[in-house]
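Q: Could you slot chain B with the ligand onto chain A? The hints should help.
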Amino acid sequence: MIKGKAHKYGDNVDTDVIIPARYLTTTDWDELASYCMADLDRGFVDKVEAGDIMVAGKNFGCGSSREHAPIAIKASGISCVIAKSFARIFYRNSINIGLPIIECGEVVEDIDDGDIVSVDFEEGIITNHTKGRTYKGVGFPPFMQDIMNSDGLIGYIKGTLK
Amino acid sequence: MGMTMTQKILAHRAGLGSVEPGELIMTELDLVLGNDITTPVAIEEFEKIGIDRVFDTQKIAIVPDHFTPNKDIKSAEQCRLIREFARGMYIENYFEVGEMGIEHALIPEKGLVVAGDVVIGADSHTCTYGALGAFATGVGSTDMAAGMATGKAWFKVPGAIKFVLKGKKQKWVSGKDIILHIIGMIGVDGALYKSMEYTGEGVSELSMDERFTIANMAIEAGAKNGIFEVDDKTISYMKQHSTKGYEIFKADDDAYYSEIYEIDLGEIRPTVAFPHLPENTRTIDEVGEIFIDQVVIGSCTNGRLEDLRVAASILKGNKVKKGVRTIIFPATQKIYLDALREGLIEIFIEAGAVVSTPTCGPCLGGHMGILAKGERAISTTNRNFVGRMGHKDSEVYLASPAVAAASAITGKISSPEEVL
Ligand code: SF4
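As they're listed, the protein sequences go chains A and B.
With this note's numbering as the guide, the letters of the first sequence map in order to residues 145 to 306.
With this note's numbering as the guide, the letters of the second sequence map in order to residues 2 to 421.
Only chain A is shown next, with the shape it has when bound in the complex (with noise of 0.2 Å):
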């Protein structure tokens, strides 16, 4: 269970205003975390604390393959996107990375900038405590949830392989 406020963006959020290509030089995730939405909001970085939500629209993340996009948003403190619907790349990079991501059409329509939302990924049910409205995604499934809490597929297949 995660619980923060939403930070609200539209539809075809794509790879390069999430991460600019310019800043493509490095791996280090706390730089590229400095750059997360240059692009598209520039005051993101000083406004996102950690455990906050992203929320967007249709298409997140679509364009190149670049792992970067979601290691900087989960970098940045952010500790879940939701979306109407992710770019197929993306969401795979996301969940390998250990970045939960879930689709829910209704709630991104119901949630405004600021609200504070809380996701139980188990039930797959979202909460807007600021509206005190309750909705239900889609849940992971226990696996999905093991690579979630194990920081990412390298770190699930470790304690899987152990």
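Calculated from the structure, these hints are not laboratory results.
Idealized CB from N, CA, C, for every residue including glycine.
Check before you lean on any hint, since a few could be wrong.
[Said to hold, decoys possible] Taking lysine-lysine pairs in the DSSO-like style, the calculated list, with each CA pair at most 27 Å apart, reads:
id, chain 1, residue 1, chain 2, residue 2
1, B, K153, A, K302
2, A, K280, B, K157
3, B, K413, B, K172
4, B, K320, B, K153
5, B, K49, A, K302
6, B, K49, A, K147
7, A, K152, B, K157
8, B, K49, A, K202
[Unchecked claim] Pair ranges (Cβ atoms, derived):
id, chain 1, residue 1, chain 2, residue 2, range
9, B, G289, A, N156, 32 to 40 Å
10, B, D286, A, K280, 52 to 60 Å
11, B, G23, A, E193, 48 to 56 Å
12, B, D394, A, R186, 42 to 50 Å
13, A, G154, B, R84, 33 to 41 Å
14, A, A165, B, R270, 48 to 56 Å
15, A, D172, B, R84, 24 to 32 Å
16, B, S208, A, G154, 43 to 51 Å
A: Frame of chain A, contents of chain B with the ligand only:
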């Protein structure tokens, strides 16, 4: 609810009775693939896991094909890394220069994929093997690392679009024209997240080489995979190339498809995709006068024997237009040798083309045929994005080997009908 071909394969390899679109599942893998660009990154991730063995030394394939024979010191270092890894892990299917080919032509030829398999590859055109009735999809390097360690991968079960093929193709129309026609129709995101499933009596009209071409470009419509129903041609191809046991999965009658397209092969004309997206298609009758500087025939899309045969049948006894660089690269050593024995290579050289060793080379603007500013190429490859074959102000037009060969003779984009 019934399942599609893809859903059935995934359910089977996940050990589940049935699956539904959107469901997250973990499946067994029959093959994990990587190349000289993606494998070095995967090796880094693999090392983080901290184990000293791969899940199965026979079910991993590593093919150095993008910058090989190595074009510079950096690419040589990358290849050294993967060569040492393959040796250290006793990976049987590592193909060195001399026995390699472009991965997506080589893997089926070596019999490493058969119907019913689940395959991941750290290369987006891994979807090519759907031609054999397998589920095959492109992934990232972390997925490849995890696949090498565990022999498993997670998937979100895709929905599907059905393409029912019927009728007979016109002369000079090939698999490439069919897939360009389809991408022109549904767009580069027309099959986002979904499977493209091919069925209907028209499938039997298509050779295996053509089916590989069509499945290869599924990703150019945003699809997760492309897959063909298995028929006698598929079975005889598998028997000829592989000793692996195969399993045939047919879609249920009540399987759900978000869209169903009926495609009359007889109505398709030779088709060309204009810069800078594969969806910008026009029939050969609509292209107008477009002069070219370079012709490229080859790649994982169209570097197979049939492609070379068609090109040779047009180039035979002709000369390429003076000033038009014509580069032909057979996709594997075997294809190269077969073409040599059939006399095709001689025809190419006599026509004034150059023939290259198998490599991805010009297809991704790597080496062996880079375009300068303002230059224009017609190419049988699969992507014509900005700068794909060189300078960002160069242009790539995608077409079939027949149209590319005819264009080499005239120096402008031409129909084979014009030169024969
Ligand atoms: S031939 Fe081109 S598309 Fe095919 S694998 Fe090589 S670079 Fe990729």
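Q: Would you mind marking each hint as holding or not holding in the structure?
A: Now for the hints, and whether the structure bears them out:
1. The suggested pairing of B/K153 with A/K302 holds, with an alpha-carbon distance near 14 Å, which does not exceed 27 Å.
2. For the proposed pair A/K280 and B/K157, the alpha carbon gap of about 19 Å is at most 27 Å, so the pair holds.
3. Under the criterion of a C-alpha separation no larger than 27 Å, the hint pairing B/K413 with B/K172 is consistent with the structure, at around 21 Å.
4. Our distance criterion of 27 Å between C-alpha atoms is broken by B/K320 and B/K153, whose separation comes to about 52 Å.
5. With a CA separation close to 8 Å, the supplied pair B/K49 and A/K302 stays within the 27 Å bound.
6. The hinted pair formed by B/K49 and A/K147 fails the criterion: a straight-line CA distance of about 30 Å is larger than 27 Å.
7. Straight-line distance between C-alpha atoms of A/K152 and B/K157 comes to about 25 Å, which keeps the hinted pair within the 27 Å bound.
8. With a CA separation close to 34 Å, the supplied pair B/K49 and A/K202 exceeds the 27 Å bound.
9. For the pair B/G289 and A/N156, the supplied restraint of 32 to 40 Å holds, since their beta-carbon distance comes to about 33 Å.
10. In this structure, B/D286 and A/K280 meet the distance hint of 52 to 60 Å, their C-beta atoms being roughly 53 Å apart.
11. About 32 Å separates the C-beta atoms of B/G23 and A/E193, a value inconsistent with the hinted range of 48 to 56 Å.
12. Distance hint check for B/D394 and A/R186: the Cβ-Cβ separation is about 31 Å, which falls outside the suggested range of 42 to 50 Å.
13. Checked against the hint of 33 to 41 Å, the pair A/G154 and B/R84 fails, with Cβ atoms roughly 47 Å apart.
14. Look at A/A165 against B/R270: about 38 Å separates their beta carbons, and that is not inside 48 to 56 Å.
15. For the pair A/D172 and B/R84, the beta carbons lie near 29 Å from each other, so the given range of 24 to 32 Å is met.
16. Taking the beta carbon of each, B/S208 and A/G154 are about 46 Å apart, inside 43 to 51 Å as hinted.
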